[in-house]
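Engineer: Sequence:
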Amino acid sequence: MQKFTFIKGIPAHLPIVNIDTDMIIPKQFLKTIKRTGLGKNLFFELRYDNNGNKIKDFIFNNEPYSNSKILITGKNFGCGSSREHAPWALLDFGITCIISSSYADIFYNNCFKNGILPIILEEEKIKELSEYSKIKKEISVDLKEQKITYGNNEIEFSIDPFKKKCLVEGLDDIALSLSKSDHINIFEKNLKKNKPWIFND
Numbered sequence: 001m002q003k004f005t006f007i008k009g010i011p012a013h014l015p016i017v018n019i020d021t022d023m024i025i026p027k028q029f030l031k032t033i034k035r036t037g038l039g040k041n042l043f044f045e046l047r048y049d050n051n052g053n054k055i056k057d058f059i060f061n062n063e064p065y066s067n068s069k070i071l072i073t074g075k076n077f078g079c080g081s082s083r084e085h086a087p088w089a090l091l092d093f094g095i096t097c098i099i100s101s102s103y104a105d106i107f108y109n110n111c112f113k114n115g116i117l118p119i120i121l122e123e124e125k126i127k128e129l130s131e132y133s134k135i136k137k138e139i140s141v142d143l144k145e146q147k148i149t150y151g152n153n154e155i156e157f158s159i160d161p162f163k164k165k166c167l168v169e170g171l172d173d174i175a176l177s178l179s180k181s182d183h184i185n186i187f188e189k190n191l192k193k194n195k196p197w198i199f200n201d
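Numbered according to the numbering used here, the sequence shown spans residues 1 to 201.
These aren't lab readings, by the way, just hints derived from the structure by calculation. All clues stand as given, with none of them false.
Okay, derived cross-link-like pairs now, SDA-like style, lysine to any residue, Cα gap no bigger than 25 Å in a straight line:
id, residue 1, residue 2
1, K75, D105
2, K125, F58
3, K56, K134
4, K69, F6
5, K34, D92
6, K27, Y108
7, K134, D57
8, K136, S66
9, K75, I135
10, K69, L30
11, K75, Y150
12, K134, L46
13, K127, N67
14, K113, T32
15, K147, S102
16, K165, I7
17, K69, E84
18, K56, K136
19, K54, N67
20, K113, F162
21, K134, I155
22, K27, S66
23, K137, P64
24, K113, T5
25, K56, A12
26, K163, D92
27, K144, I120
28, K163, N114
29, K56, G39
Simulated DEER-style distance windows between Cβ atoms:
id, residue 1, residue 2, range
30, Q28, S66, 21 to 31 Å
31, K54, K189, 52 to 62 Å
32, K34, N109, 20 to 30 Å
Remember, it's a predicted structure, so these values are computed and weren't measured experimentally. Where a beta carbon is used, it is the ideal one built from N, C-alpha and C, also for glycine.
Generate coordinates for the entire structure from the input sequences, incorporating the hints supplied.
Structural biologist: Written as structure tokens, this is what we have:
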């Protein structure tokens with residue numbers, strides 16, 4: 001998993017509440033188990049019309065937002081089914097940071113497991129950032145310092161220390177397990193010594 005420490009870019013503002021995972025990546029694109037190639041179908045029904053043409057007024061179909069790495073959006077983002085394809089699609093599109101006032105729990109945790117930083121802010125702060133995004137200037141997100149900088153302003157945010165550590169060090173579930181391999185091996189040796197009957201020869 002890619003490490004996350006600092007990001008800078010022009011944020012895209014998608015002012016819709018209760019964006020569910022089917023809106024993020026519709027069910028017809030869930031047949032793959034690959035994490036790549038889903039970005040082109042991100043927000044498919046919002047980005048394209050019935051003929052497959054791009055909808056001109058959708059934010060990700062316009063510069064500079066088509067290259068945004070930071071998404072500012074409405075509350076309860078990622079609700080609905082627990083499909084992990086949702087963070088896969090966001091990441092494949094290039095989004096590595098989401099800013100909202102609330103998330104669905106499973107989606108929120110899946111973001112951390114896939115290298116995406118989901119920041120929770122109060123609605124007032126969300127409004128400030130969304131207004132700033134209209135001038136198409138960059139903001140920065142510093143995970144180590146836990147702050148967002150826009151213009152001459154700063155916003156601090158909270159994050160679980162363990163989740164922060166995993167993002168900063170680029171540890172997904174597999175990498176985290178491998179980092180504990182020495183402890184796991186010692187545990188297994190002791191278990192085999194003390195309770196040999198539970199092991200098959």
